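Chain residues, written in single-letter form:
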Amino acid sequence: MPRTAIYHTTVHWKGEHRGYVRMGNGPEMDFSAPPDAHGHAGVLTPEDAFVAAVNTCVMMMFLWSAERFKVDLVSYECRAEGMKLIELDRTELFTQVVLRPRIVARSDAPGQEGTLKRLRRALESAVKYSLVANSIKSRLVLEPEIEIVPQAMNTTG
Amino acid sequence: MTRDPNDDLELTIDKFMFRFPKRLRYSEAGLWIQQEDSLLRMGMSDFAQQRNGDIAFATLTPAGTPVDVDDEIASIETVKVNMSLPSPVKGKIVEVNLLLQESPELINQEPYGRGWMVIMQPEDLTQDLGRLMTAEAYSRLARQQAEAELKP
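Chains as they are written, first to last, in this note's numbering: chain D, 1 to 157; chain H, 1 to 152.
Mixed in with the good hints, there may be bad ones.
[Stated by the list, open to error] With a Cα cut of at most 25 angstroms, we get these calculated BS3-like pairs of lysine-lysine:
| id | chain 1 | residue 1 | chain 2 | residue 2 |
| --- | --- | --- | --- | --- |
| 1 | H | Lys15 | H | Lys90 |
| 2 | H | Lys80 | D | Lys70 |
| 3 | D | Lys117 | H | Lys80 |
| 4 | D | Lys128 | H | Lys92 |
| 5 | H | Lys80 | D | Lys128 |
| 6 | D | Lys128 | H | Lys90 |
| 7 | D | Lys117 | D | Lys84 |
To be clear, the hints were calculated from the coordinates, so they are not data collected in a lab. Remember, predicted model here, so these are calculated numbers, not experimental data.
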């Protein structure tokens with residue numbers, strides 16, 4: 001298995017503060033800066049793309065790790081918030097990204113503690129093995145809400 | 001299982017550090033083996049556990065099972081891989097670590113302590129111990145394996 005891989009995107013200027021991005025995996029779209037930074041509303045921004053990169057990568061890794069931990073997943077939704085800091089020299093950085101996943105899983109195991117533990121470990125592993133989460137220098141904060149529901153009743157017969 | 005950190009060999013490769021207690025013996029498959037009178041306690045080496053990732057499940061061959069050399073004594077499912085751990089000796093499994101059913105992460109957290117896997121009664125202790133590697137020899141093997149993997 002090769003130990004390195006390359007992913008690519010291409011951007012070009014469309015005039016004013018607008019651009020167009022082609023992603024290596026196919027999608028193409030307009031982008032701009034946020035409106036409060038002389039950009040335009042309604043299109044992708046680098047800030048959103050950064051937060052989305054963390055959020056989507058952790059989710060995809062979670063789907064994998066939940067399978068490996070044999071978690072019977074019902075739903076996953078996660079709001080991610082990136083906090084920007086403007087430094088004294090006017091440079092800017094995302095100091096932290098907060099992930100608030102709401103996860104529902106099924107289990108009929110008594111006490112549910114085993115399922116909860118496996119789910120929490122799956123989430124920790126998702127962050128640990130997420131390529132993007134592993135690559136950023138922002139602090140990553142996990143604030144999960146987890147719900148375990150019983151297996152659906154068999155209604156046949 | 002108390003230990004003195006000064007009795008560990010430490011191997012640093014890239015950004016990773018691996019510990020190998022000198023009092024133990026090791027198998028090529030990445031098991032550590034500790035003699036306890038006529039029995040052998042076994043677990044996964046620090047190198048093997050770090051290299052294979054977060055452990056989700058550890059299924060141990062039950063106590064009472066006779067095993068030959070290379071028979072499976074444990075199967076491990078990590079976030080990244082499934083692996084089978086072969087017995088380095090011929091004998092019988094006399095005890096398994098029941099803690100690993102609920103807490104397989106102990107193998108990652110305390111590979112030489114509460115993460116032990118099985119205790120075996122070997123058929124020929126002297127011969128078996130002679131076949132196993134010292135910490136120094138296993139450390140050299142671990143370095144070779146790691147460097148082979150790191151090659152571009």
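Hints versus structure:
1. H:Lys15 to H:Lys90: violated, 37 angstroms
2. H:Lys80 to D:Lys70: Cα-Cα ~13 angstroms, so holds.
3. D:Lys117 to H:Lys80: Distance of about 19 angstroms is within 25 angstroms: holds.
4. D:Lys128 to H:Lys92: Since the Cα atoms of Lys128 of chain D and Lys92 of chain H sit roughly 38 angstroms apart, the hinted pair is violated (cutoff 25 angstroms).
5. H:Lys80 to D:Lys128: holds, 12 angstroms
6. D:Lys128 to H:Lys90: Violated, at roughly 38 angstroms.
7. D:Lys117 to D:Lys84: This hinted pair is violated, its Cα atoms lying about 33 angstroms apart.
This entry does not satisfy hints 1, 4, 6 and 7, going by the numbered hints stated previously.
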